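What follows is the residue order along each chain.
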Amino acid sequence: DAGVIQSPRHEVTEMGQEVTLRCKPISGHNSLFWYRQTMMRGLELLIYFNNNVPIDDSGMPEDRFSAKMPNASFSTLKIQPSEPRDSAVYFCASSSYGEGNQPQHFGDGTRLSIL
Amino acid sequence: EDQVTQSPEALRLQEGESSSLNCSYTVSGLRGLFWYRQDPGKGPEFLFTLYSAGEEKEKERLKATLTKKESFLHITAPKPEDSATYLCAVQGGGYNKLIFGAGTRLAVHP
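Residue numbers (my numbering), protein chains in the order written: chain U, 1 to 115; chain B, 1 to 110.
Please keep in mind that the hints were generated in silico from the structure rather than gathered at the bench.
All figures in this text were calculated on a predicted structure; none of them were measured in a lab.
Check the hints yourself; a few may be wrong.
No farther apart than 27 angstroms at their CA atoms in a straight line, the calculated lysine-lysine pairs in the DSSO-like style are these [claimed, not checked]: (1) U:78 to B:42; (2) U:24 to B:42; (3) B:97 to U:24; (4) B:97 to U:68; (5) U:24 to U:78; (6) B:57 to B:97; (7) B:97 to U:78; (8) U:68 to B:57; (9) B:79 to B:59.
Starting from the given sequences, assemble the full structure and let the hints guide the process.
Here you go:
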């Protein structure tokens with residue numbers, strides 16, 4: 001079975017540029033989560049969706065960050081403009097909400113470096 | 001505020017030397033406690049879900065237990081391939097997001 005697919009795996013760009021990270025959740029999952037992982041702060045939830053609707057975006061650091069989920073099989077996380085402090089590994093995860101406490105399954109992440 | 005604290009931050013073991021990792025938590029209305037394993041350059045990989053105090057789950061050399069305040073991940077006779085970062089997370093009442101601890105970096109040497 002295909003897992004959560006993220007692209008690109010690595011992104012290096014200059015400060016001020018727009019960055020778009022992409023995620024394809026596991027087929028049939030109806031919850032999608034975006035996380036950021038750094039050495040200093042660990043794994044932090046940025047935003048999550050249930051049935052394509054954003055439920056909690058309290059973890060989004062500032063207005064430069066935005067996320068969309070236009071359909072059940074695709075989501076994007078956009079940073080505009082990017083700053084060096086945005087450098088981190090960004091993970092997408094998906095799960096089945098409403099069927100008990102189903103675990104979240106993670107992609108392998110996008111390693112983002114802002115120069 | 002929901003919170004998860006893992007200890008130790010790092011653990012070095014000899015192959016075959018059993019030990020335990022700790023996950024202490026405070027959460028309003030625990031719905032589930034999750035253990036994940038993360039290898040370098042990879043996303044967290046799901047291991048176990050525990051729902052109530054007294055519950056135990058096992059998988060190969062790993063055994064997870066749960067009390068009302070903490071969870072332990074016991075590693076019996078570890079092998080070098082068990083080396084990874086182990087993450088604990090809780091899910092509280094009213095939401096399906098996870099609150100993660102900082103993790104324990106485990107290194108098992110032959």
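Check: Between residue 97 (chain B) and residue 24 (chain U), is the straight-line Cα distance small enough, at 27 angstroms or below?
Finding: holds, 19 angstroms
Check: Within 27 angstroms, alpha carbon to alpha carbon, are residue 97 (chain B) and residue 68 (chain U)?
Finding: holds, 18 angstroms
Checklist line | 27 angstroms limit on alpha-carbon distance, applied to hinted pair residue 78 (chain U) and residue 42 (chain B) | finding: With Cα atoms ~21 angstroms apart, residue 78 (chain U) and residue 42 (chain B) stay inside 27 angstroms; holds.
Notebook entry, point to check: Under the criterion that the straight-line Cα-Cα distance not exceed 27 angstroms, is the pair residue 68 (chain U), residue 57 (chain B) satisfied?
Noted result: Status violated; Cα separation ~37 angstroms.
Next item on the list: Decide if the proposed pair is consistent with the structure: residue 57 (chain B) and residue 97 (chain B), CA atoms, cutoff 27 angstroms inclusive.
Entry: holds, 22 angstroms
Check: residue 97 (chain B) and residue 78 (chain U): Cα distance at most 27 angstroms?
Finding: holds, 21 angstroms
Next item on the list: Could you grab the alpha-carbon distance between residue 24 (chain U) and residue 78 (chain U) and see if it respects the 27 angstroms cut-off?
Entry: Holds: residue 24 (chain U) and residue 78 (chain U) sit about 15 angstroms apart, inside 27 angstroms.
Note to self: Check whether the Cα positions of residue 24 (chain U) and residue 42 (chain B) lie no farther apart than 27 angstroms.
What the structure shows: holds, 16 angstroms
Next item on the list: Mind checking the alpha carbons of residue 79 (chain B) and residue 59 (chain B) for me, to see if they're no more than 27 angstroms apart?
Entry: Status holds; Cα separation ~14 angstroms.
Of the numbered hints stated above, the single one contradicted by the structure is hint 8.
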